[in-house]
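Asks: Residue strings, one per chain:
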Amino acid sequence: MKTETSPSTTLDDTFLYRFHSGEYQMLNGNGTDLNLKNIINFKNGIPGFENLSKFIIVPLKEYPPFYVFQSLEDPPIAMLVISIKYFESQDEIAVDKIDLVQIEANHQNDTDIYFIIKMSNENNQFTANTKAPIVVNPEVLEGCQVILENQKLQIEHPLDLA
Amino acid sequence: MLVLTRKSGEKIRIGKDIVVSIVSKVHGPLKLGIEAPREITVYREEIYQSIKNTNRHSIAKESIYLKL
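The listed protein sequences correspond, in order, to chains A and B. In this text, residue positions in the first sequence follow our numbering: the first is 3, and each later residue adds one. In this text, residue positions in the second sequence follow our numbering: the first is 111, and each later residue adds one.
Be a bit skeptical, because a hint or two may be false.
Stated by the list, open to error - Below, computed lysine to aspartate or glutamate pairings styled on DMTMM-like, alpha-carbon distance capped at 20 Å:
1) A:K99 - B:E145
2) B:K141 - A:E151
3) A:K87 - A:E141
4) A:K45 - A:E158
5) B:K162 - A:E75
6) A:K45 - B:E149
7) B:K162 - A:E141
8) A:K45 - A:D98
9) A:K154 - B:E156
10) A:K56 - B:E149
11) B:K162 - A:E151
12) B:K162 - A:E158
13) A:K99 - B:E149
14) B:K162 - A:E52
Rather than coming from a laboratory, the hints here were simulated on the basis of the structure.
Whole structure, please, built from the sequences with the hints as guidance.
Replies: In structure tokens, the structure reads:
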């Protein structure tokens, strides 16, 4: 992962700890860019949550690389995700044509790609799931979680934050 | 579980539009060919299970939910 920071951003893991420990309070309209017109349809849900199909992906303005990926259904399920733009080996991410068809996209370049972030309880290491990214076609608001064949990609890719 | 015996090149049909072919079984792993409608996704079971587990363990604490 790249560790570039823009002048207004402090990209450090303090935020991630606060987020995962529940200290970071998400408030509608405060620090977020919530737009309920952008509800993304996940036809088949995602693995583990096959019954959930309506999601939003909301940027965390104070922490630009991060977004909240949240279900709009009951129970509310939320995950922290990071844009592919912060992944140094973007060329390794090749979404299969069959998966692109599912979200009505012709090219991978027309999609937004995110990795789900996980915190390991044992060593407090943050990891990004680069093996199974969330792929969204923003034009038609269709999304899916794909599983990539590339053997170099890891379900738990260590996230190195400066 | 239904168990069928099939030779290389033979196929099985599941429902009206899924066909699984035995591509080869010479030495080593069995190769399968799967023809299915595009809305049917095909995964290796153990990879699907590990993605599922990882997704479940990536859920953030309740207090971060956007209050809608």
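Asks: So, for every hint listed, does it hold in this structure?
Replies: Verification of the hints:
1. Between K99 of chain A and E145 of chain B the CA atoms are separated by roughly 15 Å; this keeps the pair inside 20 Å, and the hint holds.
2. This hinted pair checks out: K141 of chain B and E151 of chain A have alpha carbons roughly 16 Å apart, not beyond 20 Å.
3. For the hint pairing K87 of chain A with E141 of chain A, the CA-to-CA distance comes to about 19 Å; that is within 20 Å, so the pair holds.
4. Proximity of K45 of chain A to E158 of chain A is assessed by CA-CA distance (about 25 Å); at most 20 Å being required, the pair is judged violated.
5. Note on K162 of chain B and E75 of chain A: the hinted pairing holds, with a Cα-Cα distance of about 18 Å set against a maximum of 20 Å.
6. For the given pair, K45 of chain A sits about 9 Å from E149 of chain B by alpha-carbon distance, which is consistent with the 20 Å threshold.
7. A threshold of 20 Å between alpha carbons decides the hint, and for K162 of chain B with E141 of chain A the separation of about 27 Å lies outside it, so the pair is violated.
8. About 17 Å separates the Cα atoms of K45 of chain A and D98 of chain A, which keeps this hinted pair within 20 Å; it holds.
9. Among the hinted pairs, K154 of chain A with E156 of chain B is consistent with the structure: their alpha-carbon atoms are about 17 Å apart, no more than 20 Å.
10. Between K56 of chain A and E149 of chain B, the direct Cα distance comes to roughly 18 Å. Compliance with the 20 Å bound is thereby established for this hinted pair.
11. Using a Cα cut-off of 20 Å, the hinted pair K162 of chain B and E151 of chain A holds, with the two alpha carbons roughly 16 Å apart.
12. Between the alpha carbons of K162 of chain B and E158 of chain A the distance comes to roughly 13 Å, so the proposed pair stays at or under 20 Å and holds.
13. As the CA atoms of K99 of chain A and E149 of chain B are separated by approximately 13 Å, the hinted pair is consistent with the 20 Å bound.
14. Between K162 of chain B and E52 of chain A, the direct Cα distance comes to roughly 10 Å. Compliance with the 20 Å bound is thereby established for this hinted pair.
Checked against the numbered hints listed earlier, the structure breaks hints 4, 7; every other hint is satisfied.
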